[in-house]
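Number of protein chains: 2
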Amino acid sequence: MKNISRRKFLRSSAIIAATGALVTPNVACKRLFVNTKTSGSKTLSLKFSHMMHELRHTFTISGFSRDQTAAVLAEISYDGYTGYGEGGLPPYMTGQTVESSTFFLNKIDLSQFSSPFELEDILTYVDSVDSGHSCSKSAIDIALHDLIGKLLDKPLYQLWGYNREKAPDTSFTIGIDKEEVVRQKTEEAAPYNLIKVKLGVDEKTDKMLVNTIRSVTDKPIVVDANQGWKDKNFALEMINWLNERNVLLIEQPMPKNVFDEMAWVTERSPLPTFADESCQRLADVAKLHNVFSGINIKLIKCTGLREANKMIATADALGMKLMIGCTTESSCAISAAAQISPKMYFADLDGNLLISNDPFTGMKIVDGKITLNDKPGIGISRI
Amino acid sequence: MKNISRRKFLRSSAIIAATGALVTPNVACKRLFVNTKTSGSKTLSLKFSHMMHELRHTFTISGFSRDQTAAVLAEISYDGYTGYGEGGLPPYMTGQTVESSTFFLNKIDLSQFSSPFELEDILTYVDSVDSGHSCSKSAIDIALHDLIGKLLDKPLYQLWGYNREKAPDTSFTIGIDKEEVVRQKTEEAAPYNLIKVKLGVDEKTDKMLVNTIRSVTDKPIVVDANQGWKDKNFALEMINWLNERNVLLIEQPMPKNVFDEMAWVTERSPLPTFADESCQRLADVAKLHNVFSGINIKLIKCTGLREANKMIATADALGMKLMIGCTTESSCAISAAAQISPKMYFADLDGNLLISNDPFTGMKIVDGKITLNDKPGIGISRI
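Note that the protein sequences, when read in sequence, are chains A and B.
1 is the number of the first residue of the first sequence in my numbering; add one for each residue after it.
1 is the number of the first residue of the second sequence in my numbering; add one for each residue after it.
The set of hints was computed from the structure by calculation and includes no laboratory data.
Heads up, a few of these hints could be off.
It does not matter which identical chain is used: a pair holds within one copy or between any two.
Computed cross-link-like contacts, DSS-like style, restricted to lysine-lysine with a CA-CA straight-line distance of at most 25 Å [said to hold, decoys possible]: (1) LYS166 to LYS42; (2) LYS375 to LYS364; (3) LYS154 to LYS42; (4) LYS107 to LYS375; (5) LYS287 to LYS47; (6) LYS166 to LYS178; (7) LYS232 to LYS154; (8) LYS369 to LYS219; (9) LYS42 to LYS375; (10) LYS321 to LYS287; (11) LYS207 to LYS107.
Note that the structure is predicted; figures quoted are calculated from it, not measured.
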C-alpha cells in the first residue's frame, strides 16, 4: 500500500465525486463531500469533507515523492457550537484515501449519543464500526474534543492539566533530496532550533544529507531513518556516526517488526531510539518497552487525542520517552497535536508549515517553540 | 507500622492539639487543624483539617480491630469556589496518621501556582515535597479536581468522558468475625448485589466465613485474602474451593512481594486475581502484568484521581482488569472514587456506609449499583 500514486489517488477522487457527492470548491480548501447526519441544537451532528493540501516543496522520503496531500475534515456540531477535526491521508503511511475515509465516515451515526461528553462510548463505537481508518477516527476524535473545549470555554491543554509553557521546540523537516536543495532547505530552517532529517536510503546518501546540513548549521538534528537500516550492526554504526554530529535521537532505525535486533540496538545506542512505524496504538506501547527508548505518537496512527493521552500515561508508567509527530496537515490537526505537546520530549509538528493553502490558523511556532493560544478547544480559527 | 493502637493514635492527636493547632469540634466531624495558606479570589488557597469517622461496627481484618478511623480533609479555594478532598488514614494500611499528614500538609504551598488547571505541575510538585504521604496527596488531588469541576460546572465523570450508566455494582464488606456476627452482617447486606469478605486468617476460619455467608445467601462473593495465604499450593487450593461457591474474584491471595509464586497461581487460577497491596502506584502496574489478572486502585494508595486515570489507561494497554477500592472514608473520598467507577469491572466503595457521622452526601447506592449525580466536581454537599 506504500506506493499509491498521485494518479491513482486523483482517479479515486474523480470516481467518488462523479457518483453524486456534494462538491464545494473554495479558495482555501477543496471540499469534495459533505454528509450531514442530523440536525438540532442538542443533537450531535457530523459533517465531513476533504481538503487537498498543496505542498510548498515536492516532498521525498525513502520510497517516493508527492506535491499534494489529501486530508479529511470532520465538523461536529452540538448546542450551537462546532468542533473541527482533521486527519491527514498521506498515501505512504496508512493506505487510507479520500475514497476509504468517505466509505468509513458514511457509516458513522453520532445521533445515537445524547452528548459529546460521552467520549468513551462515542469513540469506542467509532472504533468498532470498522478496523483501520485511524485517520478518519482521529478527525472525529479531534472534532469532539474541540467541541467539548468550546462548550466548556477552555483550551484542551488546560482541561488536561498541561502547562503550555512546557511545550517543546518543534523541528523543521528536511526530506531526501539533492545536496543543493538540502542546503537551501537548511537555510529556510533558520527560525527553528531543531532540524529533522529523513534518512534510510543508503549510507552514502544518508551521510551526504547530514554532512550537507552540517555545512550550513550546527543546530541539533533529529534523525528519522524510516525503517531504512536493515542490519543491526549497520544501524548501530550509523547511530554511532550520528552521535558525533550533534544528533539528539534516532527514530525507527530498523523495520517495524524487527524487535529483537532493535532491542539489541537500543541497549547499545548512545542516542535514545524512538518507535514510529512500530508504534501505532495504545496496545503497542507495552510491547515496545526495552525495545525502544521512546515512542512517536501521531494522532492519525492512534485514532486521536483520547488514545494519545492514554499512550502518554502508559509511556510514563513504563519510563519511556515521548515525542509527537504529524503528517502534512493543516493548522487544524497540528493545533490538536500541539495540545498534548507539553508532555513531549520533542515535537515534530511542522506539517502546516509545509503547505501553501492552510484554511486555519491556530498554534504558532515562536522562536522555534510550540506556542499555544488561549482559545477554547484546539484553539483554531478559519482563515 | 501495622499495629498502631487507638491509644497511641489518640496520644499523638493530643500532643499535636496541645502544640497550638486550632481545634474546632463539630457534630459531623472533629476538626483538629486548620491551616490557611493564602487568600484572594484568583489565588489557590489550601486549608486542611482532620475528621474522626465513627464506625457502625467494630471492624476486624487479619491483624487487629478498630472502631474509629481518622481522615484528612483538604479544602482548596479559588475564584469563589471551594473543592473538597479526603484521604482516609487507616492505620493498618499506610502507616500515615493525623500527625504525619499534618507534618506533610504544612509544607504544601499552592500559592505559587496561578490556576488550579495547572494540574500536572501542581501534583508533580505535591508529590515531590516528600515521598510517601499518599493519603494527604490524594486529599489535595481530589480537592483540586472537585474545584475544577465546580469552575467548569461539570461532574468529573463527564469531563473524563465516562458514562455514569456504566458504573458497576458495589459490594458490601464483611470483616473477620464470629459466626453469628457474620450471619447478622450478611443479612444487613441485603440491599447489595455483591458481598466482599476478608479472608486470610486460617483455613478453618476462612471456610467458616464463606460457609456462614452461604447459609444466608447465594449472592456472588468477592474475596480479599489480604496477603493471608503464604503457600502457592494452598492459595490455589483455596481458590479452587472458592470457585465452587459462586466467588467472582480473589484479591491479593499472597504476600505483596511474592511475584513468581503469584504468577504461578494466576496462571492456574479459575478466578481472576487482583493486586491490592502489590499495586500502589502507576509505576507498579506494568510490573504486575502476567502476575495478576487485574489491579485494585485505591486513591489513598496512588495519590489521587489523576494518577488513577493514568493507571486505568495503562491497565487498558496491558489488558488487565480493574477494580476500585476504598478505606473507611466519608462520602467525600467515596464520591471521588465513584467518578472513575464506570471504567471498573467491580467496585468496593462502601466505606461511607460503615460510618455513622458522614459529614457529606454524594454518590448513592441504588439497588446495589453506584449512582452518580449531576452535581459538578465530585458531586458532594455538606450535610
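(request) Could you figure out if LYS375 and LYS364 sit no more than 25 Å apart (CA to CA) within one copy, between two copies, both or neither? (result) For LYS375 and LYS364, only the intra-copy Cα distance (13 Å) is at most 25 Å; the inter-copy one is 37 Å.
(message) Treating 25 Å as the Cα threshold, decide for LYS369 and LYS219: within, between, both or neither.
(response) within (14 Å within a copy, 59 Å between copies)
(request) Up to 25 Å between alpha-carbons, please classify LYS154 paired with LYS42: within, between, both or neither. (result) both (20 Å within a copy, 17 Å between copies)
(request) Classify it for me, LYS232 with LYS154: is the Cα-Cα distance of at most 25 Å met within a copy, between copies, both or neither? (result) neither (47 Å within a copy, 52 Å between copies)
(request) Could you figure out if LYS166 and LYS42 sit no more than 25 Å apart (CA to CA) within one copy, between two copies, both or neither? (result) The answer is between: 22 Å across copies meets 25 Å, while 36 Å in one copy does not.
(message) Treating 25 Å as the Cα threshold, decide for LYS107 and LYS375: within, between, both or neither.
(response) neither (32 Å within a copy, 35 Å between copies)
(message) I want to check one pair: LYS321 and LYS287. Are their C-alpha atoms no more than 25 Å apart within a copy, between two copies, both, or neither?
(response) This pair counts as both: shortest intra-copy Cα distance 14 Å, inter-copy 18 Å.
(request) Tell me, please, which holds for LYS207 and LYS107 at an alpha-carbon limit of 25 Å: within, between, both or neither? (result) neither (48 Å within a copy, 54 Å between copies)
(message) Within, between, both or neither: how does the pair LYS287, LYS47 come out at a Cα-Cα threshold of 25 Å?
(response) neither (36 Å within a copy, 44 Å between copies)
(request) Evaluate LYS166 and LYS178 at a C-alpha cut-off of 25 Å and name the case that applies: within, between, both or neither. (result) neither (36 Å within a copy, 58 Å between copies)
(message) I want to check one pair: LYS42 and LYS375. Are their C-alpha atoms no more than 25 Å apart within a copy, between two copies, both, or neither?
(response) So LYS42 and LYS375 pass the 25 Å test inside a copy (23 Å) and across (20 Å) alike.
Checked against the numbered hints above, the structure violates hints 4, 5, 6, 7 and 11; every other hint is satisfied.
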